[in-house]
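Protein sequence lines, in the order shown, are assigned to chains A and B. Note that my numbering has the first sequence beginning at 1, numbered continuously upward. Note that my numbering has the second sequence beginning at 1, numbered continuously upward.
One thing to keep in mind: the hints can contain errors.
To be verified - Residues of chain A clear of chain B, computed beta-carbon distances all greater than 10 Å:
#1 Ser46
#2 Ala90
#3 Leu103
#4 Phe113
#5 Phe161
#6 Leu171
#7 Pro185
#8 Ser423
#9 Tyr494
#10 Ala521
#11 Thr551
#12 Ala635
Claimed, not checked - Below, a sample of chain B positions facing chain A; criterion: calculated Cβ distance under 7 Å:
#13 Leu28
#14 Ile54
#15 Val58
#16 Ser149
#17 Val175
#18 Gly187
Bear in mind the hints are in silico, worked out from the structure with no lab data behind them. Where is the CB? At the ideal position from N, CA and C, for every residue including glycine.
What follows is each chain in one-letter form.
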Amino acid sequence: MSGPAELPPTALQAAFDRASADLAFPAPDDRPPVLNDVPPSAEQESLLDRSWRDPPGLLGALSAINHKTIGRRFVLTALGFFIAGGLLAALMRLQLARPDSQLVGPDLYNQLFTMHGTTMMFLFAVPVMQAMAVLLVPLMIGARSIAFPRMNAYAYWVYLFGGLMLYGAFLLNIGPDTGWFAYVPLSGPEHSPGKRVDFWAQMITFTELSALLEAVILITTVFKLRAPGMTLNRMPLYVWAMLVTSFMVMFAMPAVMFASTALITDRLVGTHFYNPREGGDALLWQHLFWFFGHPEVYLIFIPGLGFLSAVIATFARRPVFGYPAMVLSLIATAFLAFGLWVHHMFATPLPELGKSFFTAMSMLIAVPTAVQIFCWIATLATGRLHWKTPLLFVLAFFAVLLLGGLSGLMLASVPLDLQVHDSYFVVAHLHYVLIGGAVFPLIGAVIYWYPKFTGRLMSERLGRWSFWLAFVGFNLAFFPMHHLGLHGMPRRVYTYPAESGWQALNLLATGGALVLAAGMALFFINLWRSRRHGEPAGADPWGGGTLEWATASPPNAGNFCAVPVVHGREPLWQAATEPVAVAGLAVDRREVLVSTTLEAHPDHRLSFPVPTPWPFAGALATAALFIGSIFTPWAVVWGMVPVAIALTLWFWPRRRKTAEDLALETAP
Amino acid sequence: MGTLPQNQAALDRRADAQARLRRAGAGLDVRHLPSFGFGHRSLMWWGTVGLIVIEGTVFAIAIGAYLYLMSRSSHWPPAELPPDYGWATLNTGLLIASLLPAYLAKRAAEALDLPAVRRWVTAGSLASLLVLVVRVFEFTSLNCTWDGSAYGSAVWMIMGLHTLHLLTDAYDTLVLNVLVFTGPLEGKRFADVSENALYWFFVVASWLPLYAVIHGTPRWT
Numbered sequence: 001m002s003g004p005a006e007l008p009p010t011a012l013q014a015a016f017d018r019a020s021a022d023l024a025f026p027a028p029d030d031r032p033p034v035l036n037d038v039p040p041s042a043e044q045e046s047l048l049d050r051s052w053r054d055p056p057g058l059l060g061a062l063s064a065i066n067h068k069t070i071g072r073r074f075v076l077t078a079l080g081f082f083i084a085g086g087l088l089a090a091l092m093r094l095q096l097a098r099p100d101s102q103l104v105g106p107d108l109y110n111q112l113f114t115m116h117g118t119t120m121m122f123l124f125a126v127p128v129m130q131a132m133a134v135l136l137v138p139l140m141i142g143a144r145s146i147a148f149p150r151m152n153a154y155a156y157w158v159y160l161f162g163g164l165m166l167y168g169a170f171l172l173n174i175g176p177d178t179g180w181f182a183y184v185p186l187s188g189p190e191h192s193p194g195k196r197v198d199f200w201a202q203m204i205t206f207t208e209l210s211a212l213l214e215a216v217i218l219i220t221t222v223f224k225l226r227a228p229g230m231t232l233n234r235m236p237l238y239v240w241a242m243l244v245t246s247f248m249v250m251f252a253m254p255a256v257m258f259a260s261t262a263l264i265t266d267r268l269v270g271t272h273f274y275n276p277r278e279g280g281d282a283l284l285w286q287h288l289f290w291f292f293g294h295p296e297v298y299l300i301f302i303p304g305l306g307f308l309s310a311v312i313a314t315f316a317r318r319p320v321f322g323y324p325a326m327v328l329s330l331i332a333t334a335f336l337a338f339g340l341w342v343h344h345m346f347a348t349p350l351p352e353l354g355k356s357f358f359t360a361m362s363m364l365i366a367v368p369t370a371v372q373i374f375c376w377i378a379t380l381a382t383g384r385l386h387w388k389t390p391l392l393f394v395l396a397f398f399a400v401l402l403l404g405g406l407s408g409l410m411l412a413s414v415p416l417d418l419q420v421h422d423s424y425f426v427v428a429h430l431h432y433v434l435i436g437g438a439v440f441p442l443i444g445a446v447i448y449w450y451p452k453f454t455g456r457l458m459s460e461r462l463g464r465w466s467f468w469l470a471f472v473g474f475n476l477a478f479f480p481m482h483h484l485g486l487h488g489m490p491r492r493v494y495t496y497p498a499e500s501g502w503q504a505l506n507l508l509a510t511g512g513a514l515v516l517a518a519g520m521a522l523f524f525i526n527l528w529r530s531r532r533h534g535e536p537a538g539a540d541p542w543g544g545g546t547l548e549w550a551t552a553s554p555p556n557a558g559n560f561c562a563v564p565v566v567h568g569r570e571p572l573w574q575a576a577t578e579p580v581a582v583a584g585l586a587v588d589r590r591e592v593l594v595s596t597t598l599e600a601h602p603d604h605r606l607s608f609p610v611p612t613p614w615p616f617a618g619a620l621a622t623a624a625l626f627i628g629s630i631f632t633p634w635a636v637v638w639g640m641v642p643v644a645i646a647l648t649l650w651f652w653p654r655r656r657k658t659a660e661d662l663a664l665e666t667a668p
Numbered sequence: 001m002g003t004l005p006q007n008q009a010a011l012d013r014r015a016d017a018q019a020r021l022r023r024a025g026a027g028l029d030v031r032h033l034p035s036f037g038f039g040h041r042s043l044m045w046w047g048t049v050g051l052i053v054i055e056g057t058v059f060a061i062a063i064g065a066y067l068y069l070m071s072r073s074s075h076w077p078p079a080e081l082p083p084d085y086g087w088a089t090l091n092t093g094l095l096i097a098s099l100l101p102a103y104l105a106k107r108a109a110e111a112l113d114l115p116a117v118r119r120w121v122t123a124g125s126l127a128s129l130l131v132l133v134v135r136v137f138e139f140t141s142l143n144c145t146w147d148g149s150a151y152g153s154a155v156w157m158i159m160g161l162h163t164l165h166l167l168t169d170a171y172d173t174l175v176l177n178v179l180v181f182t183g184p185l186e187g188k189r190f191a192d193v194s195e196n197a198l199y200w201f202f203v204v205a206s207w208l209p210l211y212a213v214i215h216g217t218p219r220w221t
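In isolation and in its complexed conformation, chain A is listed as follows (with noise of 0.2 Å):
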């Protein structure tokens, strides 16, 4: 054992010496570290888990930052969003069920369809999406940890405090009543007076916010995390989907946190970013909102396709045909998700050459899509499947995303856009593409994730039931509507006259809604109930080939004790090539391995922050800041104060954390 104690004292150390020579240092804590074997003994395994675990208390639920705990919270968060964002879609249905209801006003209406769109794309989602990243990607590359934990438990704050303002001023019965898109000159000062904006335009704010922070987290941990030997063509593609969605993230989510900062503005200090009278345009609002709302569909769509080829490689018992033509596919839907924007505005007066642009992008990204679909369908083909609830919501995939899809390149030819416009037939199909692409792969995903992290299977029965009451029920709910808008029916109204003659289609809507809600009740009943009763997983219960079933489950705090050197793809399915795994990193503190970016070659050693209050206190501040904000625009001044302090006492090392860290220091 070569203790860095042996290593001859360096010019840096030496520095160290002479900055630190005036303070009195407490006694520093410079016990030698413990560092792990191969295989790492249960001594190590045991300091692991201590060293990573979170702090007990309520101060120390605060202060957490493991991402297996924070993940689980912005899951469970997310899904908490969804439940709401459900509930307020059956009561729209009810509504509807019947001509001239009076169940709900329209002023509440107003507020329901906006706070279901807003919940369901802006609080559930973009962030379950990556709060399933937070959770899984370390674990599938190999990694102790996410990069930043700290910044990661401040996103979280962030993001929970900005879906608890929209909900507490729904509650206060100032929600937002401008649909979920915002459109000005109807969102703007003129026209929407009083909070209820404002409270809508800082929701952008939080959770932007927090996704542009999780992208970056996310985009580090892939980069310089991995396990060594997974090059980037080893990775996972679930991983290559998230590292995608991240890069697009940080290019589409900029523009919605300027437009709406540029509402706020326009509402609250009088300028005109979006006011004809005075030189602005309402067509601005447009093409910034869509410049992110188009790219947002797909960094809802990509990891679904993410957890596709995870879920169907496990079921298929084989790896996912043609890798290169899925991660080059993944990449050219991320390029040409940001060519398509104008297709929302084509009822706009823009130049007719460059909607057939549009037009023609539209058509073109159905490509890679299609390319990806028939290897999948190549994998299904040449697999043994093994046909459980996971596999079944990944399918129901292929048969609701394609309608979706169809619909999709209908709308996206000017005449047909133009006569269904803003109808029941563009609801049809965004719930398509959206439930279709995203929901049903993400219960698959989490039905064949829960065991990782409770140790225990959710229900197959109860899976099965689930699966078949959502699917029934969802095209029951769903495919009406496509009819309803053809004949007529304009999304966005809160009650229509018997004559319509669309009375019969909207009772069978409302009925296939109550039938999906009853799907979607079971699987949350089987996802609480089999957090105790499910039977017992095991570390690796569907023979996966990926690194997350090569640790315990749930897995140590620490991830692993001893980091697997990856020699191939699926690394589960491959003889036992040595090097098997890393030594020498600490087990007693908080040691991670950093690799090359390209190549994963082992670079250094690096020391991670301990467990801390002040990502929260920094949330709570920032929080303060933007409701503040709402009220006066003085509050992004005074409001600084507190977030500055609260980030820098998060920033300044402690005495004690930097000597162990010198403990272990070797220069580069």
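Using the hints, position chain B against chain A.
Chain B in isolation, oriented as in the chain A frame:
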């Protein structure tokens, strides 16, 4: 990248550590690897570059919105005079000059030279404070208000966004400045100094197109 220390002892130690990175049977021993790195080797670099990409996109979108509004208008500026360029040009010069202490701080950090880091981080802090003071005068010479017209709104938005970046990076630099004098210090803090300088490069570089748009378009159209 040229970010490794140019110090022979460190290079030798690194070569030695790599030689000892041996395949001992089942285990890949990493105990002799360094415990921090600079440039694209460090996590902090990736975090900083991620923020730069995001903020760069924000600036690009702000310029896009400004040019879009300009394209919808027959006169630009609609009624106001163009912003005075005196203070703005002075500040542009100061920003470019402030690249030097930032660069020297970065170089000193990567050579693990603490006295030089202290010197140049202090110089960088002073430069950023000076730039902020001149920025106040820039705001007084814009010749427009944010609530006068969409043109004024766009000018103030761009100025506000960039000033926010100046403020945050000036504050970051001040915090680091205190830290390099008081400690506690470890190797990672040199990487923090290096990445903070990188972010300052971005704050300066992003100003140049913004300056060109704010002061160029009202005069050339």
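Hints, verified against the model:
1. Ser46: 20 Å, holds
2. Ala90: 37 Å, holds
3. Leu103: 42 Å, holds
4. Phe113: 28 Å, holds
5. Phe161: Holds, since 21 Å exceeds 10 Å.
6. Leu171: 33 Å, holds
7. Pro185: Answer for Pro185(A): holds, closest chain B Cβ roughly 14 Å.
8. Ser423: 29 Å, holds
9. Tyr494: 34 Å, holds
10. Ala521: 39 Å, holds
11. Thr551: Since the minimum Cβ distance to chain B is about 17 Å, Thr551(A) lies beyond 10 Å and the statement holds.
12. Ala635: Holds, since 15 Å exceeds 10 Å.
13. Leu28: 4 Å, holds
14. Ile54: Hint holds; Ile54(B) Cβ to chain A Cβ min 5 Å, cut 7 Å.
15. Val58: 4 Å, holds
16. Ser149: At 5 Å from the nearest chain A Cβ, Ser149(B) passes the 7 Å test, so the hint holds.
17. Val175: Because about 6 Å separates Val175(B) from the closest Cβ in chain A, which is inside the 7 Å limit, the hint holds.
18. Gly187: Nearest chain A Cβ about 6 Å off; hint holds.
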